[in-house]
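Q: As a plain string of letters, each chain reads:
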Amino acid sequence: MKTSSTNERDTKNIPPTTYYQFLEISVRELLIEKGVLSDEDIRNAVKEMDSRGPELGAQVVARAWVDPQFKQSLLQDAPSAVKALGLEIGPVQLLVVENTPEVHNLIVCTLCSCYPRSLLGLPPDWYKSREYRSRAVREPRSVLLEFGTDISDEVEVRVHDSTADLRYLVLPQRPEGTGHLTEDELAALVKRDSMIGVTEVCFSAI
Amino acid sequence: MIPLFQTGNAVRVRKGSPPGHIRTPFYVRGCKGVIERVAGEYRNPEELAFGRFDTPVVPLYRVRFQQQEVWPDYQGSPQDSLDVEIFEFWLEPANPEKT
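If you read the protein sequences in the order shown, they are chains A and B. The working numbering numbers the first residue of the first sequence as 1 and each following residue consecutively. The working numbering numbers the first residue of the second sequence as 1001 and each following residue consecutively.
It should be emphasised that the hints constitute simulated quantities derived from the structure, not laboratory data. In this text, all values refer to a predicted model and were calculated from it rather than measured experimentally. Possibly wrong hints are sitting among the right ones.
Straight-line Cα separation of at most 30 Å, BS3-like style, residue types lysine-lysine; simulated pairs [what the hints assert, rightly or not]:
hint : chain 1 : residue 1 : chain 2 : residue 2
1    : A       : K71       : A       : K12
2    : B       : K1015     : B       : K1032
3    : A       : K128      : A       : K83
4    : B       : K1015     : A       : K83
5    : A       : K191      : A       : K34
6    : A       : K128      : B       : K1015
Per the computed footprint, the stretches of chain A lying under chain B, defined by three or more beta-carbons under 8 Å from a beta-carbon of chain B, are [what the hints assert, rightly or not]:
hint : stretch
7    : 23-36
8    : 136-142
9    : 145-158
The beta carbon of each residue, even a glycine, is placed where N, CA and C say it ideally should be.
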């Protein structure tokens, strides 16, 4: 992920620093000044965060599609299953919810922006927006339609509000006609939004 | 701490408005739902927010609500649902027969 340097900030039309940005800078500088954290600690933490992206989640989804036993353990105990795949997610209480012909899952955090960062990286801006956070629980089907996702009335739309200690990842349905694809090819089909639940995974044979 | 509720129990979210850092969304307060699962034990965020790290852990649940229970004018399918993580001290038993 690209971060803008001070120079870029000066030359581009970036809005003035807000109250909370000043607050963050002040607290960060105080922590460094008092020796609680070092500059390097912060740089490393940012680097670590930036190194994670949706391709990690996609890898988990693709494995679940090809390996029923893995899928079962993923749904029962996601942290152990993901660890067995060689992915380090830290102490996150991950819960994987499966889309089926009967249930479509959608993830939101109405209180802030809780997100399965260890498997999807940083959340998109819309996920943190007041509009998404309030409307996803109030009118999920309208929100889904705006993402181009039309869920039949026969299917239950189940919204998960990450209000406390759990983090959620949606296991999307494997699209039809993908029986011949390898695990890596399947993973390439799985995009971030489908693991939040705002879209489904699409496949069109060439 | 032994959890007071088990999967399938009918519960109602307390209708309180205490001050401070509350992680029980306002929109489910007073609503009736069903325990989807016991989600473990965690420190109370309402205490942690004030730097009190030595308070006991409390059971956390995932509670499933029917959308029509939460939003009486809900536009969507009647079977649509909403799962929310709620700490035990925000819940009281509800008789599933009564509304």
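Q: Which numbered hints are broken by the structure, listed smallest first?
A: The structure conflicts with hints 1, 4, 5 and 7, although it agrees with all the remaining ones.
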